[in-house]
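4 protein chains.
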Amino acid sequence: MIIVMSTGATEKQIKSVIDKVHSYGLRTHPIYGVRKTVIGVIGDNKTVVVESMSGMPGVESIIPILQPYKFAGREAHPDDSVIELDGVRIGGREVVVIAGPCAVEGREQLMGIARRVKKSGASLLRGGAYKPRTSPYSFQGLGEEALKLLAEAREETGLLVITEVTDPRNVDLVGQYADILQVGARNMQNFVLLTEVGMSGHPVMLKRGPSSTITDLLLAAEYVIIEGNRDIILCERGITTFESYTRNTLDLSAVPAIKHVSHLPVVVDPSHATGKSHLVEPMCLAAIASGADGLMVEVHPDPDQALCDGPQALTLDGFDRMMDKIKAIADIVGREI
Amino acid sequence: MIIVMSTGATEKQIKSVIDKVHSYGLRTHPIYGVRKTVIGVIGDNKTVVVESMSGMPGVESIIPILQPYKFAGREAHPDDSVIELDGVRIGGREVVVIAGPCAVEGREQLMGIARRVKKSGASLLRGGAYKPRTSPYSFQGLGEEALKLLAEAREETGLLVITEVTDPRNVDLVGQYADILQVGARNMQNFVLLTEVGMSGHPVMLKRGPSSTITDLLLAAEYVIIEGNRDIILCERGITTFESYTRNTLDLSAVPAIKHVSHLPVVVDPSHATGKSHLVEPMCLAAIASGADGLMVEVHPDPDQALCDGPQALTLDGFDRMMDKIKAIADIVGREI
Amino acid sequence: MIIVMSTGATEKQIKSVIDKVHSYGLRTHPIYGVRKTVIGVIGDNKTVVVESMSGMPGVESIIPILQPYKFAGREAHPDDSVIELDGVRIGGREVVVIAGPCAVEGREQLMGIARRVKKSGASLLRGGAYKPRTSPYSFQGLGEEALKLLAEAREETGLLVITEVTDPRNVDLVGQYADILQVGARNMQNFVLLTEVGMSGHPVMLKRGPSSTITDLLLAAEYVIIEGNRDIILCERGITTFESYTRNTLDLSAVPAIKHVSHLPVVVDPSHATGKSHLVEPMCLAAIASGADGLMVEVHPDPDQALCDGPQALTLDGFDRMMDKIKAIADIVGREI
Amino acid sequence: MIIVMSTGATEKQIKSVIDKVHSYGLRTHPIYGVRKTVIGVIGDNKTVVVESMSGMPGVESIIPILQPYKFAGREAHPDDSVIELDGVRIGGREVVVIAGPCAVEGREQLMGIARRVKKSGASLLRGGAYKPRTSPYSFQGLGEEALKLLAEAREETGLLVITEVTDPRNVDLVGQYADILQVGARNMQNFVLLTEVGMSGHPVMLKRGPSSTITDLLLAAEYVIIEGNRDIILCERGITTFESYTRNTLDLSAVPAIKHVSHLPVVVDPSHATGKSHLVEPMCLAAIASGADGLMVEVHPDPDQALCDGPQALTLDGFDRMMDKIKAIADIVGREI
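Residue numbers (this note's numbering), protein chains in the order written: chain A, 12 to 348; chain B, 12 to 348; chain C, 12 to 348; chain D, 12 to 348.
One chain only, chain A, in its complex shape (with noise of 0.2 angstroms):
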């Protein structure tokens, strides 16, 4: 942590600072520069430390030097992690991709989708069971029917299941029936749900929040990591931005720039960041190429009649086709599907 002072600081505004320093049991080093003065402080910072200092008088500004997140980064294991799943593998060298509806519809609907997404390579099913929406009037999901409908497609087609568990007395209840549970972008800082799905011993999909940062997106991975689990998969879904075209902007430079800081593994999701179907296709391969370690897609037989986010699913055959070109572009970045 280092404390920059204000260029009018005093010699007792400073020696104040260092005081204070001191009596959270940290050590100093100052540094007197031509214009200013900052002060090195040396040991295990204590968040609130920099919190309550930057008030002090004649404290320009705290400048944190650690990652704020511990287990999360890379320092702390420099490896790649590796969730292994009933013979899935993800963040290895294995591409994953996840497939599915954006909402279960019913049990024809997620059969038909499973059966096909399997066939052209996919090892997980998505499919909503909760549905947060912005809007109370939009389709909120058919709840545990969907889960039961979930089990029975993974029973069926040996598929994974992912599901959303949105409410933290469900997480139980999500867990029995799905393999990995995901938190949405809306609830990546919903810190009561981080805690009880780190409790759960399930593998965690958490989704970046549309105004997280990265260093956000880590700090969120954290809460899960201190209930003791450690199978988390990120998951870049877009940001906010001005751009209107998109729903959101996809952000694919976090892909390389999370895996630079961080040990965990990143899939991609271009149906909700584009909100577009034509742009899903050219977005997962961008992703591949951008080096993720999956990819997380919607799919419909019939996107026109979709109970929910329709217009940005991809149609069976859009999913094949796109299965074909995700191959070749692992293949060049070293991975394989």
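Quick caveat, the hints were computed from the structure, so don't treat them as lab data.
Where chains are identical, the list cannot tell them apart; a pair therefore holds if satisfied intra-copy or between any two copies.
Straight-line C-alpha distance at most 20 angstroms; calculated EDC-like pairs for lysine to aspartate or glutamate:
hint, residue 1, residue 2
1, K336, E105
2, K159, D190
3, K336, E347
4, K81, E71
5, K26, D313
6, K130, E166
7, K26, D315
8, K129, E163
9, K47, E22
10, K23, D315
11, K130, E105
12, K130, D335
13, K130, D331
Since chain A is already given, all that's left is putting chains B, C and D on it; use the hints.
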């Protein structure tokens, strides 16, 4: 709802879209322009229609005409909503000031602040019992112990109490101690929590999410209203932008904008928005000048020692000075305090 | 400047960075922390150092300590700058109001507005002669004819004239007619134009670019200052965000923020920021309450007929009503008009 | 154009709006909905109509239906535009790679890079002669001397030359040396410069402004086209967002989005977008996978010594490695290099 067909849309595509609209029991009104055809849709539009049809062949875009919220809008309720609570009126001619520490740290701290802000003209006491923090290593609040202290402070000072609820399982508990339940910015789209506070019977203060539009905020309010709870106070507390001098960018034009489209009261929280105490007073004055129905301000007797967000807290003297100016400005804009 | 070495940086890498710094004639001051080494750099840091060294092996990041601007900052000039111009003082105790049409449309329009705003208390007349428009199909201004009309209006009313210059080749021409040269938001980083107005000898109003930070704005001012022109007025006119209700998001906390770090006067333009006339008065009041040194407001006798930005113009009566309140608020914050 | 009347709009207000539209020589087509009236406007809508009428009493909003650009859109030119220049085709089946230093620093540096990137498959040489820099204290380029070196490098290697022009007075000069004129991101809405390069007869590369939407970019292209110059290459180079790990956020979904609405070629500049060399290769691969027509990449033999933007430059070896992968990915998406 207006369906815009793309320039090259065929007659067959146009007919197919019209048929689809009719299948929903809605009427159509096509306009054949010089270069494009648009189809007006008449009837009580179902959201799902908008969602599912935008992917149909030949459809370029779908433009909603009606606001997506019903009860939160001024069309449903032309007059300002006023929330009356033990003699405090929010949304009326009176400007309300909510003041207190970021987090409740102990009896002495809380009582000292409560007595003082009461004396200076505050009507409500704020104080975090459950603190949602970006980092799991930051102070998370004292929980129920803090709730008891808040209730004690109300007992002594007569200030009403507002505090944040972060867990749907805690809504009842918090409601036993607090007068108004606060839903924090990070939980603005935690729909499970919105539903729960909607059913609680308590007035709710809903903070705008950092990447939420005004429309998103009103849709979040709608989640509370449809549970039968119309006592909602909206709070502008800054949005996420590229500017990093302030923690968030306080969007003060949202105040008259929200009041133009909605009947709900709007308060402003300059402390969280700016994150810097030297910006708090100017932004408090500006908020009242812009037409806000109230303020939420963090106050701490000794900001350097605060366990949470010290740098953004006003001192007790600073709060007094701010209140004097607020009273004068309220008068100019036809309000009182 | 602080150079942060990554956790795994070798002694050799550290030495190599230190040697590089010394080769620039700067001194180093390393701090060996528990997990990381940081190197304080002492001396008059050259920007190029920061830029070139951050890619060296073992370097995690480089953190500048000094502000990147010199003359625009308060450290170089602790007192507020006051620009005096024919009896009008900008940046002093007086609040200045700049009013007029978006674009000069003709003699009758301009004279009518000029007489009226003069009577209501404005000190400067605005009016676009050269309009930078997003679309080439929008009205682009009357050019020199408009400049002549502005000069004529000054002659008659005594109002000083401010108008935008968009072309470095036109700086002399515009300077023959106008008292203050305006550099528009889209040209804030048109460094060729900044240099030219810097050399012109005329006071300059510099509007903040829609994606420019406060620091970027002050660096743009620095381009003008280093040409020897210190008469600069900064203008907050909204930044680009995701909120689409308003055209831009007026960043009013930038007003006290800029005044904290810089000595230059700051005016606010709520017309362009909001794009909606019903938001203009509240934001004018809020701007003065936040500490702005002045306002720039669009006024039109008949907004429905305006050739440019009618929806954001105040009517003449609306301007009068606003001015009455502005005077009262100025008084509360220790200013006058 | 659709004019949406507010819920309470009176018949008189509706009539008055209709009359106003007729006065512009346009036809109207009102739709009386359940809760609102909307008025379709038919004819070749003048921009000014949209602008002036949205403030009329009873008008809630005005929604344009036609794209605001004419010649830059695919409706005007359904096939992809291909720019042919001395054997280099941009926008066709071939993917073009533009490589070179951020700034021309001297003969040896430039020639060394030019020979090497030519050998690795680049078709165009980039190199800044006039550098628009945020700070006036950063290196501003060698000016005409740099232009001469670029021309010399073309002579020797056969690479075409692209370089930025920042001053309308320099367009002729730069055009004497360069094959393609680049308009930088900060100048994307410098309409004076756009007009000048439009008249130059040289192909133009137009970089997207950091807060410009896709529509804004196409309107900027329109400024060039209406001067008779249709040889325009668009360049995505990152937009301004809240994420600070990267310098800008590369908006790769803009590539297929632009190609959907426009016929103009799109290249991607990952160097400026990310600002970090370790992100450049992944983003180059992703750009080609997303359908970009080319890349613009900064290369430097010794990034630590670069006078400008060293941290984002690839080394010569890094460039070679990237090119090998690019060729393989181009093949998968049906392109070649």
